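Those protein sequences? They're chains C and G, same order as listed. Counted the way numbering that gives the first Met the number 0 counts, the first sequence spans residues 0 to 150. Counted the way numbering that gives the first Met the number 0 counts, the second sequence spans residues 0 to 286.
Treat the hints as calculated values from the structure; they're not laboratory data. Here the structure is a predicted model, which means the values were calculated and not measured. Treat each hint with caution, since some may be false.
To be verified - Below, simulated EDC-like cross-link-like pairs (lysine to aspartate or glutamate); rule was C-alpha separation at most 20 Å, straight line:
1) G:K191 <-> C:E120
2) G:K46 <-> C:E40
3) G:K191 <-> C:D122
4) G:K30 <-> G:E65
5) G:K59 <-> C:D51
6) G:K191 <-> C:E40
7) G:K59 <-> C:D23
8) C:K71 <-> C:D23
9) G:K46 <-> C:D23
10) C:K150 <-> C:D91
11) G:K239 <-> G:D208
12) C:K71 <-> C:E120
Stated by the list, open to error - Here chain C is said to cover these stretches of chain G; the calculated rule only asks that three of the stretch's residues, wherever they fall, bring their Cβ under 8 Å from a Cβ of chain C:
13) 7-14
14) 40-47
15) 105-115
Stated by the list, open to error - Part of the chain G face toward chain C, derived, beta carbon under 7 Å:
16) I4
17) T36
18) N51
19) W56
20) T189
21) A192
22) A194
Glycine included, each C-beta is placed from N, C-alpha and C at the ideal position.
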Amino acid sequence: MLITFNINNESRTLDLFPMARLLDVLREQLHLTGTKEGCGEGECGACTVVLDGQIVNSCLVPVAQVNGSEIKTIEGVAHQDQLHAVQQAFIDHGGAQCGICTPGMVLAAVDLLNRNPQPSETDIRNGLAGNLCRCTGYMKIFESVVRAYQK
Amino acid sequence: MRAFIPNYQLTTPSSLADALALLNREPGVWKPFAGGTDLMVLLEAGKLPHRNYVNIWGLKELRGIEVTDSHITLGALTTYTDVQSHPVLQNEFPMLCQAASETGGLAIQNRGTIGGNIVNASPAADSPPALLAYDAEIELISTDGSRWLPYRSFHTGYKQMLIGPNELLARIRMPRNTRGATHYYRKVGTRKAQAISKVCLAALAKLDDDQISDCRIALGSVAPIVVRCVQTEDALQGQKHGAGTIKTACAALSQEISPIDDIRSTADYRLQVAKNLLTDFLLTLRA
């Protein structure tokens, strides 16, 4: 079926199987490989994207459900060469190590700061609860988020 | 092995009437597909035997929360995120808000729906214990019309429920009779976030002059279905609060639930924790 959506401010129409996972369409059809696959079952958050203003796990969204929607991936977070404050903070404060969880962490953090510009530590923990990291440890990630909003 | 995606159909009806007409025309052929947070997991694992789905996610008729003097009514597509931000739910049905906040992470809460949590019929689901304790009723609709039934009679066995192949779960309503009650919801899992429960207790009751009244208790992950613990409630209703009453209630609870050993926990652990949670609830009631 033909599916039209807006991805990182660009309108695209693709011929897709309706049950195809949004994650696979992003990576394989659109070559937006910044979105990662971790668990493939909605537990790790590596495949997080923003769908109509809310973060979702793109491994759990069939493309038939994004017809007419707006999607933002990690590739759409920076403004041209200007990194988002969250991205810069992850670099400056060691919030990333192997990098697989990072795109999802950054999108979850950006979403949190959009909803809540001055989050408490509990807010940060809740906001990132759906994103698992297996190497950096969470403290440097939390610190990066704190530094991002203090800027 | 991963599923072969071209084998699956996901058709998007233009209205609720269209969706119901399709379900009625070919009963059993089509199943509803809402936020996908359970079905897509099975799909990826190659464990989704049914092939044809109706995409109900976009049906506005199944969204929204309505409040009257006597009830609050949730569209079946109300998400966990919607639940947490509603002031009446926060004030009068806090256990449902807490269940919603402890179901997966935010990305799941933005897609998972209360209706989906009910019809997915997992005994470990997080919102059903709260819905049972709040005496929820559910509305099933089809081309033949609508019928309401008490949620406590809906699940009849493991993954079995009283819904016809042409019916859709449309709304869930709860009576606004919780004022003055102590609400206690606790989910016990392996870790705080992103865990499926080993045991989950939702309970409320009132205490007047040390006498227990309007006691309602429901448990998840301790039986083939999420259970309302009627015998335990009977052991507490009208009783004086105290050590003896707590002991009697725990004994009743032991008779009423049938936990098993599985990948998440053991029967022994679940029974002990269920009794601990009941005790903690009753102590909280007087605190």
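Against the structure, the hints:
1. G:K191 <-> C:E120: 15 Å, holds
2. G:K46 <-> C:E40: 12 Å, holds
3. G:K191 <-> C:D122: Given that 20 Å is the threshold and the Cα spacing comes to 14 Å, the pair holds.
4. G:K30 <-> G:E65: The given pair, whose Cα atoms are some 26 Å apart, is violated under the 20 Å limit.
5. G:K59 <-> C:D51: 16 Å, holds
6. G:K191 <-> C:E40: At roughly 18 Å apart (the allowed maximum being 20 Å), C:E40 and G:K191 satisfy the hint.
7. G:K59 <-> C:D23: Answer violated: G:K59 to C:D23 is near 28 Å, above 20 Å.
8. C:K71 <-> C:D23: At roughly 15 Å apart (the allowed maximum being 20 Å), C:D23 and C:K71 satisfy the hint.
9. G:K46 <-> C:D23: Holds, at roughly 19 Å.
10. C:K150 <-> C:D91: 12 Å, holds
11. G:K239 <-> G:D208: 9 Å, holds
12. C:K71 <-> C:E120: Roughly 26 Å between the alpha carbons, so the hint for C:K71 and C:E120 is violated.
13. 7-14: n = 5 at 8 Å, threshold three: holds.
14. 40-47: It holds: at least three residues are needed, and the region 40-47 of chain G offers 4 whose Cβ sits within less than 8 Å of chain C.
15. 105-115: holds (count 5)
16. I4: Holds. Min distance 5 Å.
17. T36: This hint holds: G:T36 lies near chain C, its Cβ roughly 5 Å from the closest one there, short of 7 Å.
18. N51: With a closest approach of 10 Å, the G:N51 hint is violated.
19. W56: Holds, because the Cβ-Cβ distance from G:W56 to chain C comes to roughly 5 Å (cut-off 7 Å).
20. T189: 12 Å, violated
21. A192: Check passed: Cβ of G:A192 comes within 4 Å of chain C, closer than 7 Å.
22. A194: 9 Å, violated
Hints 4, 7, 12, 18, 20 and 22 from the earlier list are contradicted by this structure; the remaining hints agree with it.
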